[in-house]
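Visitor: Chain by chain, the residues run as shown.
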Amino acid sequence: MTTVAQPAGPVAQARRPTPTWVLGTAGVVTMFVVWDLLVRSGAVSRDSLPYPGDTLARLAELLTDPLFLGQVVQTLWAWVISMLVASVVAVPLGLALGYFATLYRPASAVVHAARSVPSSAFLPVAILLFGLGTQMKVSLSVYAVFWPILLNAMYGVRDAEPLMLTAGRSMGWGQRRLLTRIVLPSAAPAIATGLRVASSTALIVVLSAELLGATSGVGTVITTYQEAQRPDYVYAGILIVGILGMLIYYGFHFAERLLVPWGHAQRGEGR
Amino acid sequence: MSRVRGLLRGLVRAAQWLWLLAVLLVVWEVVARQAESLFIPPFSRIVVAFVDNWLSGDPASLFLSDQFWADVLPSLARLAAGYGLACAIGVVVGIVLGVWHQAGAFLNPLIRLGMSVPVTMLLPIAIVFFGITSGMNVSLIALGCLWPILVNTYDGVRGLDTVVTTTALSMRLSRRRYFLSVLLPGASPSIIAGMRISIGIALVLMVISELYAATSGLGFYIVEQQKLFRFPELWSAILLVALLGILFNAAFALLERSALRWHRGAKAGSERAS
Numbered sequence: 039m040t041t042v043a044q045p046a047g048p049v050a051q052a053r054r055p056t057p058t059w060v061l062g063t064a065g066v067v068t069m070f071v072v073w074d075l076l077v078r079s080g081a082v083s084r085d086s087l088p089y090p091g092d093t094l095a096r097l098a099e100l101l102t103d104p105l106f107l108g109q110v111v112q113t114l115w116a117w118v119i120s121m122l123v124a125s126v127v128a129v130p131l132g133l134a135l136g137y138f139a140t141l142y143r144p145a146s147a148v149v150h151a152a153r154s155v156p157s158s159a160f161l162p163v164a165i166l167l168f169g170l171g172t173q174m175k176v177s178l179s180v181y182a183v184f185w186p187i188l189l190n191a192m193y194g195v196r197d198a199e200p201l202m203l204t205a206g207r208s209m210g211w212g213q214r215r216l217l218t219r220i221v222l223p224s225a226a227p228a229i230a231t232g233l234r235v236a237s238s239t240a241l242i243v244v245l246s247a248e249l250l251g252a253t254s255g256v257g258t259v260i261t262t263y264q265e266a267q268r269p270d271y272v273y274a275g276i277l278i279v280g281i282l283g284m285l286i287y288y289g290f291h292f293a294e295r296l297l298v299p300w301g302h303a304q305r306g307e308g309r
Numbered sequence: 004m005s006r007v008r009g010l011l012r013g014l015v016r017a018a019q020w021l022w023l024l025a026v027l028l029v030v031w032e033v034v035a036r037q038a039e040s041l042f043i044p045p046f047s048r049i050v051v052a053f054v055d056n057w058l059s060g061d062p063a064s065l066f067l068s069d070q071f072w073a074d075v076l077p078s079l080a081r082l083a084a085g086y087g088l089a090c091a092i093g094v095v096v097g098i099v100l101g102v103w104h105q106a107g108a109f110l111n112p113l114i115r116l117g118m119s120v121p122v123t124m125l126l127p128i129a130i131v132f133f134g135i136t137s138g139m140n141v142s143l144i145a146l147g148c149l150w151p152i153l154v155n156t157y158d159g160v161r162g163l164d165t166v167v168t169t170t171a172l173s174m175r176l177s178r179r180r181y182f183l184s185v186l187l188p189g190a191s192p193s194i195i196a197g198m199r200i201s202i203g204i205a206l207v208l209m210v211i212s213e214l215y216a217a218t219s220g221l222g223f224y225i226v227e228q229q230k231l232f233r234f235p236e237l238w239s240a241i242l243l244v245a246l247l248g249i250l251f252n253a254a255f256a257l258l259e260r261s262a263l264r265w266h267r268g269a270k271a272g273s274e275r276a277s
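Taken in order, these protein sequences are the chains called A and B.
Counting from 39, one number per residue, gives the positions in the first sequence under our numbering.
Counting from 4, one number per residue, gives the positions in the second sequence under our numbering.
Calculated directly from the structure, the hints in this document are not laboratory data.
Wrong hints could be hidden among the right ones.
Pairwise CB distance ranges, derived in the manner of DEER restraints [to be verified]:
1) A/Leu107 x B/Asp55: 42 to 52 Å
2) B/Ile249 x A/Thr253: 28 to 38 Å
3) A/Trp59 x B/Ser40: 49 to 59 Å
4) A/Phe138 x B/Trp31: 16 to 26 Å
5) B/Pro188 x A/Pro130: 34 to 44 Å
A short list of chain B residues far from chain A (calculated; beta carbon distances all over 12 Å) [said to hold, decoys possible]:
6) Trp72
7) Ala84
8) Ile98
9) Val166
10) Val167
11) Ser173
12) Arg264
Stretch-level coverage of chain B by chain A, calculated; a stretch enters the list once three of its residues show a Cβ under 8 Å from a Cβ in chain A [to be verified]:
13) 21-29
14) 104-110
15) 119-126
16) 205-216
17) 243-253
Think of the CB as a built atom: it goes at the ideal place given N, C-alpha and C, for glycine as much as any other residue.
Sequences are here, hints too, so could you generate the full structure?
Guide: In structure tokens, the structure reads:
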């Protein structure tokens, strides 16, 4: 066995540091044990916190229930449409607004004013305007994610290195070449960040709209189970939604690394 | 003379920033007047309702109306309680996990999962635990704000410059000195960035949780006005929420500029913090 040289002496009994994944797994297991003990000891009422075992059983049940999966698809559908609509409009608009210096300031004043209104405050109006269906969810979600995507695209263009632009111009590059070779590549990381942040926000807004009034989607299922006083299903549903959120977050995270690898190197930040 | 010129220059700059916003508001006004939609009133009527609702009090109460004290104050109290709780827990736990690596690794998957659960989905649970009380709103706000503060604090502590930390180690600083003059200042830009993100989240969650269930507050007010079909009043509440958001953001920008003047990355950081 090849061992790394350890500091001699009785105190430094060689123990390798426990790998992080072991600790992480231990953390998850501990949470389930604590959760179980909390319910078993009666510290928390069983009406508000079900046994973890029951919750996991319901989780499996829900994941194989075609009706539930249909509602998940409804939620994701609203999410996909709102992300598409918002990014198809906001990214080009943001690029244009960032590119033309005269428009940048007034546009950013508008964006900052508009994005300080939480889209959820529009919910009562949106319900009256669009009803209780997908259209209402999408409209709220588009409003919520439109501004961050737009703002990031604007910032991205503004952040293009002036030196590189000057260099490009001095090489006699035309507008189009400057745009595709310098402006877009340097704006891409910011745009990707905007989309990643927006993807989480859009999911939250869609789910909130479902909790507060829509007639389809995971949120409505969870509300129904809550009204039927089945906390085990409620917790299972929330866990599924959490995993969904995690998948979306990491999906965008990895897509970002794959598509704009220069973004992380440039800013050297993980978040 | 120069003062007049300075004022003029200020006005021109303000106009450069704000003309598009003004144009859009005028367009809104004209279109809404033409369309006579019940749900989206002209902007001028919203402003009138805003003044009537919130600013019609006497000077003794800062011109703020009784309505303001009755509906906005409970909201702000919940916001402050939830946000304060999140700041306290998030910073303490973030520092502990940042310093104590094993604990950080132990809790990391749970924190990632907690972050990913859209916090509004916890409304059905929170209402079972707390009923329709302020505790429900406060706990939801606290939980939603906790993650960005915690993770930013953790990242700030872990991201401390190793040159600085090893220097501090070799100088044999006492734990207290290390904490107060190396760790805390080093992590503060990141901590404040997390707090800034969270104040926006707090405002959103305040409204959502009150829309879901409350017996007072701005969200409750919005629901009431919708039931009464009083849309200018409803929009005046939305306008108030927006102004609160702008106010909080401006306050944080000021705080970042004054508290983190020394930090070279602070300016770039605050630009990105949104």
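Visitor: Each hint needs a verdict: does it hold in this structure or not?
Guide: Hints, verified against the model:
1. With their beta carbons about 50 Å apart, A/Leu107 and B/Asp55 fall inside the hinted range of 42 to 52 Å.
2. For the hinted restraint 28 to 38 Å between B/Ile249 and A/Thr253, the CB-CB distance of approximately 34 Å keeps it satisfied.
3. Our hint of 49 to 59 Å for A/Trp59 and B/Ser40 holds, since their Cβ atoms are close to 57 Å apart.
4. Between A/Phe138 and B/Trp31 the CB atoms are about 23 Å apart, so this pair conforms to the stated range of 16 to 26 Å.
5. Separated by about 42 Å at the C-beta atoms, B/Pro188 and A/Pro130 satisfy the suggested range of 34 to 44 Å.
6. Even its closest Cβ contact with chain A, about 20 Å, leaves B/Trp72 beyond 12 Å, as expected for a residue assigned away from the interface.
7. Residue placement check: B/Ala84 keeps its beta carbon more than 12 Å from all beta carbons of chain A (closest about 19 Å).
8. A cut-off of 12 Å between C-beta atoms confirms that B/Ile98 is not in contact with chain A; the least separation is 18 Å.
9. Under the 12 Å C-beta cut-off, the non-interface status given to B/Val166 relative to chain A holds; the minimum distance is some 16 Å.
10. Residue placement check: B/Val167 keeps its beta carbon more than 12 Å from all beta carbons of chain A (closest about 17 Å).
11. Listed as a non-interface residue, B/Ser173 keeps its Cβ farther than 12 Å from every Cβ of chain A; the least gap is roughly 19 Å.
12. Listed as a non-interface residue, B/Arg264 keeps its Cβ farther than 12 Å from every Cβ of chain A; the least gap is roughly 21 Å.
13. Residue count for the segment 21-29 of chain B with a Cβ under 8 Å from a Cβ of chain A: 5. That meets the three needed, and the coverage hint holds.
14. Interface restraint, the segment 104-110 of chain B with chain A: holds (4 residues with C-beta to C-beta distance below 8 Å; minimum three).
15. Counting residues of the segment 119-126 of chain B whose beta carbon lies closer than 8 Å to any beta carbon of chain A gives 8, which meets the minimum of three for the stated coverage.
16. Judged by the Cβ-Cβ criterion of 8 Å, the segment 205-216 of chain B is covered by chain A as claimed, because 6 of its residues qualify and three suffice.
17. For the segment 243-253 of chain B, the stated coverage by chain A holds: 6 residues have a C-beta nearer than 8 Å to a C-beta of that chain, and at least 3 were required.
Checked against the numbered hints above, the structure breaks none of them.
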